[in-house]
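The residues making up each chain are set out below.
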Amino acid sequence: MAFDWHRPLESDSLRLTLWTALAIAIGGIVLLIPPFFMQGTAEPLPGMRPYSALEQEGRDLYLSEGCSTCHSQQIRPLKSETDRYGGYSLAGESVYDRPFLFGSRRTGPDLARVGGKYPDSWHWIHFDDPRRIEPRSNMPDFAFMARRPLDLSLTSRRLEVLKFLGHPYSELEIENAVADAEAQMAAVAASIRKDGLTLDETAARSETIALIAYLQRLGKMTEER
Amino acid sequence: MQEAEAQSPYDMAVVRGFALSALVWGTVGMLVGLLAAIQLAWPEWNVGPYLHFGRIRPVHTNAVIFGFTLGVVFAGSYYGIQRLCRVRMFSDTLSRINLWGWNAIIVAAAVSLLSGYSTSKEYAELEWPIDLALAVVWIVYAVNVFGTIARRRERALYAAIWFWIATVLTIAMLHVVNSAAWPVSWMKSYSAYAGIYDANIQWWYGHNAVGFLLTTPILGLMYYFLPRQAGRPIFSHRLSILHFWSLIFIYIWAGPHHLIYSPLPDWAQTFGAAFSIMLIFPSWGGMLNGLLTLRGAWHKVRTDPILKMFAVGLTFYGMSTFEGPMMALRTVNSLSHFTNWTIGHVHSGALGWVGLTCFGTLYYMIPRLWHTELYSRRLADVHFWLATLGIVLYITPMWVSGVTQGLMWRAANPDGSLTYTFIETVAAIQVYDAIRVSGGVLYLTGMFVMLYNVWRTVAQGTSEVPEPSRTPPDAELSAVAGGQ
Ligand code: HEM
Ligand code: HEM
Chain A
49 MAFDWHRPLE SDSLRLTLWT ALAIAIGGIV LLIPPFFMQG TAEPLPGMRP
99 YSALEQEGRD LYLSEGCSTC HSQQIRPLKS ETDRYGGYSL AGESVYDRPF
149 LFGSRRTGPD LARVGGKYPD SWHWIHFDDP RRIEPRSNMP DFAFMARRPL
199 DLSLTSRRLE VLKFLGHPYS ELEIENAVAD AEAQMAAVAA SIRKDGLTLD
249 ETAARSETIA LIAYLQRLGK MTEER
Chain B
740 MQEAEAQSPY DMAVVRGFAL SALVWGTVGM LVGLLAAIQL AWPEWNVGPY
790 LHFGRIRPVH TNAVIFGFTL GVVFAGSYYG IQRLCRVRMF SDTLSRINLW
840 GWNAIIVAAA VSLLSGYSTS KEYAELEWPI DLALAVVWIV YAVNVFGTIA
890 RRRERALYAA IWFWIATVLT IAMLHVVNSA AWPVSWMKSY SAYAGIYDAN
940 IQWWYGHNAV GFLLTTPILG LMYYFLPRQA GRPIFSHRLS ILHFWSLIFI
990 YIWAGPHHLI YSPLPDWAQT FGAAFSIMLI FPSWGGMLNG LLTLRGAWHK
1040 VRTDPILKMF AVGLTFYGMS TFEGPMMALR TVNSLSHFTN WTIGHVHSGA
1090 LGWVGLTCFG TLYYMIPRLW HTELYSRRLA DVHFWLATLG IVLYITPMWV
1140 SGVTQGLMWR AANPDGSLTY TFIETVAAIQ VYDAIRVSGG VLYLTGMFVM
1190 LYNVWRTVAQ GTSEVPEPSR TPPDAELSAV AGGQ
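Protein sequences appear in the order of chains A and B.
The letter at position 10 of the first sequence is residue 58 when you use the numbering used here, and the numbering goes up by one with no holes.
The letter at position 468 of the second sequence is residue 1207 when you use the numbering used here, and the numbering goes up by one with no holes.
These are computed hints drawn from the structure, not numbers from a lab.
Heads up, a few of these hints could be off.
[Stated by the list, open to error] Each pair of labels, with its calculated beta carbon distance range:
#, chain 1, residue 1, chain 2, residue 2, range
1, B, A1166, A, L66, 53 to 61 Å
2, B, V850, A, Y166, 29 to 37 Å
3, B, H1038, A, P82, 26 to 34 Å
4, B, L1146, A, P82, 33 to 41 Å
5, B, G886, A, P82, 34 to 42 Å
6, A, W170, B, D1154, 23 to 31 Å
7, A, D60, B, T1135, 46 to 54 Å
8, A, G214, B, W1124, 50 to 58 Å
9, B, A1166, A, R195, 38 to 46 Å
[To be verified] Derived EDC-like pairs: lysine to aspartate or glutamate, alpha-carbon spacing no greater than 20 Å straight-line:
#, chain 1, residue 1, chain 2, residue 2
10, B, K927, A, D199
11, B, K927, A, E208
12, A, K242, A, E230
13, A, K268, A, E91
14, A, K127, B, E1203
15, A, K268, A, D131
16, A, K127, B, D1154
Only a predicted model underlies this, so the values are computations on that prediction, with no experimental measurement involved.
Using N, Cα and C, we set each Cβ at its ideal position, and we do this for glycine too.
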C-alpha cells in the first residue's frame, strides 16, 4: 500500500519524535536566524540615543498598565496612516525597545509619533480623565498613577541591565540615573505647572510624570531632550 | 465500553483534577473576558489600578488559553494516552506535580498580571520566575508522556498521539526561545531581543501558540474523542498522515503574517503570507477528516449534543482557517490589521473551534470519570445552542465593526485629506462592542449551565473504583486503527 513508508514512524516513537522535531525546527531556523546576520536589518538612526532613566521608567509603566493592549506603535507605509500619524516606522527606531511595542489592536490611536504632539499638561489632564478631553473616549482613567510616587529603587539597575544587553549607556549615566530622573521629573512637573495646573508634591513625583516623559520621547529618538 | 472503563487500571485522578480546574478557569477567564468587553463598550466599568482594561485583558487571554484550553488538553491527553498505550501513566508523582504545579502557575499568572507585572508580549506576558516554573512543569508533562509511550503495550501510535507529541515539543521550543530575558529584579526583566528582532521572535511564538496550543492539541482531542463518540473509525488514515506532517511543517513559517507592513524585512513578510495561504490545505484536511468520520452517523449528530459540539467546532475550524489565510494577504491585512476583524477571527477559532471541542471532550469524559451517566443531555443541548448563538452574536458584530473602522480610517475627502477623526471611528463601533457583550453573556450562560450539569453528574457518581488487575484493550481502538 502506498503509505507503508509511514508504518515505521507509527510504531517507533523515537523516530516519530525526531522527525517531528525536524519538521518544526526548519521554519524557525530560516526565519529567525538570518536577520541577526543581515546587514541593515536594524541599525540605530544617526544621532539616536537610548531612553533617559525617567523615560525608561515610564516605558516600563506602559508595560505594567497594558497600554499596548489598546495602542499600537507602528505606522504602516500607507498614505492614510502617514497622513494621520506621521512618517512610517523604521526598523532603526526600535533598536532600544525591549520588548518591542508594535501592538496588534488599535482601540486607541497609534502612539509611535505622539511625542511633542501635545503639551505635558494635556497628557496630565488626559490621564486624570480622558473624557474631560474627549467625551466619547473609552480609554480607562489612570488617575491612580498620579497618586503613586515613582519608585526609583531600581532605576540604575534598569540601565545597567540594558547596558549589559547592548544599549550605549555610559558608566556615568548609570551612576547618576536617579539624580538624572529627578531632574527630568522636575522639568516635566514645571512645564505642567506653567500651564496653570496645580500639582502637590506627590503628584509632581508620580508615575504619571514618568509616563509623560516617555510618551514625549516617542518619534523623537534622535532629538536631545 | 463503559464497563471496561469502570475497572480501569489507569490514573484517572489527574484527569478528574484537570477537568474540574479547566471548568473553573474557563468560567473565571470568560467572566473576565466579559468584563473586558463591557469596559470597551462602557468605560465607566474600569476601576482603579487593578481592574482596568489594560490589566484585565491579559488575565482573560492567559486564563482561557493556559487555564481552560490547556486544562482540557492535559485532561484529554492523560485520558487518551493511557488508553491508547494501554498502560498507566509513567509516574503518578509527575502527574500530581503537573496538576498542582500548573494550577499554581495560573494563580500566580492572574495575581501577577493584576498587580502590574507584565512583559506585554502577547500570550507570553508572565515574568521570568513564572516562566521558569512553566518550563519545569512542561518538562514534567513531557517526561510523563514520553515515559508512558515508551512503556506502551500497543505497538501502533494512533494519530491523536502524534498531535500531542508535536504540541509537547513545539511549545517547549517556543517558550524557551521567546521568553529569554535578563532579570532586573524578582519580577522584572528585559527581553533578550530588541525591536524588530524581538517582534520577529514574538510572532513566531505568538502564531505558533495559536498553532500548537489552540490547534494541534485540540486536533488530538478531536482524533481521540470524536470517533469514539460517533462509534466510527476515523475517515482516512492517509489523510491523517498527510495533514499532520504538512500542518506542523507549514505552521512554523507563517508567523510574519502578524507583521505585514511592519519594518520586518520584506522577504520574511512574503514567507509569512505564502505559507499562510498553503496552510489552508492541511487545516481543511483535518476538518474534512473529522467531518467525514461522521458520514453515515449524521442521524446521531442530530440528537447527540456532544457530536453537535464536535461537528460545529470543526465547521468553525474550517471557517477560521479560511479567513486566516485571507487576512494574511497584504490587501486584506491593510484593512483588517489593528481592527476588530482580528478579534472576530480570534473568537471564531477560540469560541467555535477550541471552546466547542473542549466542551464536547469534557461532556464525554466526565460521566466516565465518575462512573455514571451525564445528569442531563437536555441541558447539554441547551448549552450547545447558547454557545452557538453566543458565537454568532460575538463574531458578526466584530466583523462589521472591523470593516467599518478599517474603512473609516482610510476614507479620504476629494481633496485627499482624511474624512474622519480617530474618535469618530471609536464612536462608530461602540454599538458593535455593546452587541458583542450580549454574545459573551450567552456564551457564559452556557458555561454556567455546564457547571450545573457537571455538578449534578459528579454528585450522582463516584470516583471510587475497585483496583483492577489488567489493562483492557481500548474498545474501539482496533476499529479506529483499521480505518483507511
Ligand atoms: C465569554 C466569552 C468571551 C468573551 C466575552 C471574550 C471577550 C474578549 C475581549 C473583549 C477581548 C479583547 C478584544 C480587544 O482588545 O478588542 C478578547 C481578546 C481575546 N480573547 Fe476572548 N472572550 C471570550 C472567550 C474567549 C475564549 C474561550 C478564548 C480562547 C480559548 C479567548 C481568546 C482570546 C484571545 C486570544 C484574545 C486576544 C486577541 C488578540 O490579541 O487579537 N476568548 N476577548
Ligand atoms: C490557516 C490557519 C490560520 C491562518 C493563516 C491565520 C492567520 C491569521 C492572521 C493573518 C491574523 C491577523 C494578524 C494581524 O493582522 O495582526 C491572525 C490573528 C489571529 N489568529 Fe489566526 N489564522 C489561522 C487560524 C487560526 C485559528 C484556528 C485560531 C484559533 C483560535 C487563530 C487564532 C488567532 C489569534 C489568537 C490571532 C490574534 C493574534 C494577536 O494579534 O494577538 N487563528 N490569524
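Item to complete: Hint says 26 to 34 Å; check whether the CB-CB distance for H1038(B) and P82(A) agrees.
Response: Taking Cβ atoms as reference, H1038(B) and P82(A) lie about 55 Å apart, which means the hint is violated.
Discussion item. Holds or violated: the 50 to 58 Å window for the beta-carbon distance between G214(A) and W1124(B)?
Written reply: 56 Å, holds
Fill in: K268(A) paired with D131(A) [C-alpha distance capped at 20 Å]
With a Cα-Cα distance of about 18 Å, the restraint between K268(A) and D131(A) holds, given a limit of 20 Å.
Discussion item. Quick check on a hinted range of 29 to 37 Å for V850(B) and Y166(A), using CB atoms only.
Written reply: With Cβ atoms ~35 Å apart, the hint holds.
Practice prompt. For the pair supplied as a hint, K927(B) and D199(A), confirm whether the alpha-carbon distance does not exceed 20 Å.
Written response: 13 Å, holds
Worksheet item: K127(A) and D1154(B): Cα distance at most 20 Å?
Response: 13 Å, holds
Discussion item. Tell me if the straight-line CA distance from K268(A) to E91(A) falls inside 20 Å.
Written reply: 16 Å, holds
Worksheet item: Does the hinted range 38 to 46 Å hold for A1166(B) and R195(A) at CB?
Response: With Cβ atoms ~30 Å apart, the hint is violated.
Worksheet item: Within a Cα-Cα threshold of 20 Å, do K242(A) and E230(A) meet the stated pairing?
Response: 18 Å, holds
Worksheet item: Do the Cβ positions of G886(B) and P82(A) conform to the proposed distance bound of 34 to 42 Å?
Response: About 37 Å separates the Cβ atoms of G886(B) and P82(A), which means 34 to 42 Å holds.
Worksheet entry | Hinted pair K127(A) and E1203(B), Cα distance within 20 Å | With Cα atoms ~67 Å apart, K127(A) and E1203(B) exceed 20 Å; violated.
Worksheet item: Does 23 to 31 Å hold as the CB distance between W170(A) and D1154(B), or does it fail?
Response: Cβ of W170(A) to Cβ of D1154(B): about 28 Å, so the range 23 to 31 Å holds.
In this structure, the hints that do not hold are numbers 3, 9, 14, in rising order.
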